[in-house]
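*Asks:* Sequence order for the protein chains is A and B. Quick note: the first sequence uses our numbering, first residue 646, plus one each step. Quick note: the second sequence uses our numbering, first residue -5, plus one each step.
If you're looking for bench data, these hints aren't it; they were derived computationally from the structure. There may be inaccurate statements among the hints.
Only pairs whose alpha carbons sit at most 30 Å apart, straight line, appear in this in silico DSS-like list of lysine-lysine [to be verified]: (1) A:K739 to A:K687; (2) B:K51 to B:K36; (3) B:K72 to B:K36; (4) B:K36 to A:K739; (5) B:K36 to A:K687; (6) A:K690 to A:K744; (7) A:K690 to A:K724; (8) B:K77 to B:K51; (9) B:K51 to A:K744; (10) A:K744 to A:K724; (11) B:K36 to A:K724; (12) B:K36 to B:K77; (13) A:K690 to B:K36; (14) A:K690 to B:K51; (15) A:K724 to B:K77; (16) A:K687 to A:K724; (17) B:K77 to A:K744; (18) B:K51 to B:K72; (19) B:K51 to A:K724; (20) A:K690 to A:K739; (21) A:K687 to A:K744; (22) B:K72 to A:K690; (23) B:K51 to A:K739; (24) B:K72 to A:K724.
Simulated coverage check for chain A against chain B, where a stretch passes if three residues somewhere in it have a Cβ under 8 Å from a Cβ of chain B [to be verified]: (25) 687 to 695; (26) 732 to 740; (27) 743 to 752.
Here a beta-carbon is modelled for each residue, glycine too, at the ideal position from N, C-alpha and C.
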Amino acid sequence: RKEVEQDPGPFNVPEGATVAFNCTYSNSASQSFFWYRQDCRKEPKLLMSVYSSGNEDGRFTAQLNRASQYISLLIRDSKLSDSATYLCVARDDKIIFGKGTRLHILP
Amino acid sequence: EPEVTQTPSHQVTQMGQEVILRCVPISNHLYFYWYRQILGQKVEFLVSFYNNEISEKSEIFDDQFSVERPDGSNFTLKIRSTKLEDSAMYFCASSPQTDHTEAFFGQGTRLTVV
């Protein structure tokens, strides 16, 4: 069975701190990877794609390790508005979501 | 910015009734999906659709479910005889040309079966 595993959290982090999430995927045939964020009772929204070389978008950095089948997301200088559930996604012919990691940024 | 739109935002139906959930994917996208999320649980894949046919479906997508693209813009999910356990948020998504790109999600239809 093709799975994406994440620590469900919650991660309670003070504003301004750095937080990192990890995710593992079981299907070695997965070809593309993404991080989505989901606010309570809302749709998943694309945060960023994850490339083999690693990529950065402002305060967010994503890394992919194909050998270990492992994806990470780093959030620097966290803001209150970063509070959400972060969904790890692996994709081959369909999009498989992890259960998500809940993040609470504390004032 | 183009977006996926879904209607209705909330549907309440009696057990055993048929429901049709509607989606308008982003206009130049070619791959379409339905997902569901039971309250407090993960987002689960139901079905993918490309070139006017189902390309993949999950074990959840049994004979009571069907999808259709009746015209050039709408993409529908029909549940023939709803059960209490069908109560969930149903998300439609679409992707552009290749099937390994990101998908964009609609705001969802909350289905409540009573």
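*Asks:* Next, verify each hint and record whether it holds.
*Replies:* Results of checking the hints against the structure:
Note on K739 (chain A) and K687 (chain A): the hinted pairing holds, with a Cα-Cα distance of about 21 Å set against a maximum of 30 Å. A threshold of 30 Å between alpha carbons decides the hint, and for K51 (chain B) with K36 (chain B) the separation of about 17 Å falls inside it, so the pair holds. Only pairs whose Cα atoms come within 30 Å are accepted, and K72 (chain B) paired with K36 (chain B) is accepted, the gap being roughly 21 Å. In summary, the hint linking K36 (chain B) to K739 (chain A) is supported, as the alpha carbons are separated by about 15 Å, within the 30 Å threshold.
Under the criterion of a C-alpha separation no larger than 30 Å, the hint pairing K36 (chain B) with K687 (chain A) is consistent with the structure, at around 13 Å. For a cut-off of 30 Å, the pair hint linking K690 (chain A) to K744 (chain A) stands: about 15 Å separates their Cα positions. Distance restraint check for K690 (chain A) and K724 (chain A): the Cα-Cα separation of roughly 18 Å lies within the 30 Å cut-off, and the hinted pair is therefore satisfied. Between K77 (chain B) and K51 (chain B), the direct Cα distance comes to roughly 19 Å. Compliance with the 30 Å bound is thereby established for this hinted pair.
Proposed proximity of K51 (chain B) and K744 (chain A) is supported: the alpha carbons are some 19 Å apart, at most 30 Å. Between the alpha carbons of K744 (chain A) and K724 (chain A) the distance comes to roughly 23 Å, so the proposed pair stays at or under 30 Å and holds. Among the hinted pairs, K36 (chain B) with K724 (chain A) is consistent with the structure: their alpha-carbon atoms are about 25 Å apart, no more than 30 Å. At most 30 Å may separate the alpha-carbon atoms for a hinted pair to count; K36 (chain B) and K77 (chain B) meet this at roughly 19 Å.
Restraint check for K690 (chain A) and K36 (chain B): satisfied, since their Cα atoms lie roughly 14 Å apart, inside the 30 Å limit. For the hint linking K690 (chain A) to K51 (chain B), the alpha-carbon distance of about 22 Å falls within 30 Å, and the restraint holds. Straight-line distance between C-alpha atoms of K724 (chain A) and K77 (chain B) comes to about 41 Å, which puts the hinted pair past the 30 Å bound. Proximity of K687 (chain A) to K724 (chain A) is assessed by CA-CA distance (about 19 Å); at most 30 Å being required, the pair is judged to hold.
Restraint check: the Cα-Cα separation between K77 (chain B) and K744 (chain A) comes to about 24 Å, which is no more than 30 Å; the hinted pair holds. Distance check on the hinted pair: K51 (chain B) and K72 (chain B) sit about 14 Å apart at the alpha-carbon level, within 30 Å; holds. The suggested pairing of K51 (chain B) with K724 (chain A) is violated, with an alpha-carbon distance near 38 Å, which exceeds 30 Å. The hinted pair formed by K690 (chain A) and K739 (chain A) meets the criterion: a straight-line CA distance of about 17 Å does not exceed 30 Å.
Between the alpha carbons of K687 (chain A) and K744 (chain A) the distance comes to roughly 15 Å, so the proposed pair stays at or under 30 Å and holds. Restraint check for K72 (chain B) and K690 (chain A): the C-alpha separation of about 25 Å stays at or below 30 Å, so the hint holds. For the proposed pair K51 (chain B) and K739 (chain A), the alpha carbon gap of about 9 Å is at most 30 Å, so the pair holds. Distance hint between K72 (chain B) and K724 (chain A) is unfulfilled; the C-alpha atoms sit about 41 Å from each other, more than 30 Å.
Counting residues of the segment 687 to 695 of chain A whose C-beta sits closer than 8 Å to any C-beta of chain B gives 6, which meets the bar of three, so the coverage hint holds. A count of 6 residues in the segment 732 to 740 of chain A with a Cβ less than 8 Å from any Cβ of chain B is obtained; the coverage claim is therefore met, three being the minimum. With 3 residues bearing a CB less than 8 Å from a CB of chain B, the segment 743 to 752 of chain A meets the requirement of three and the coverage assertion stands.
In this structure, the hints that do not hold are numbers 15, 19 and 24, in rising order.
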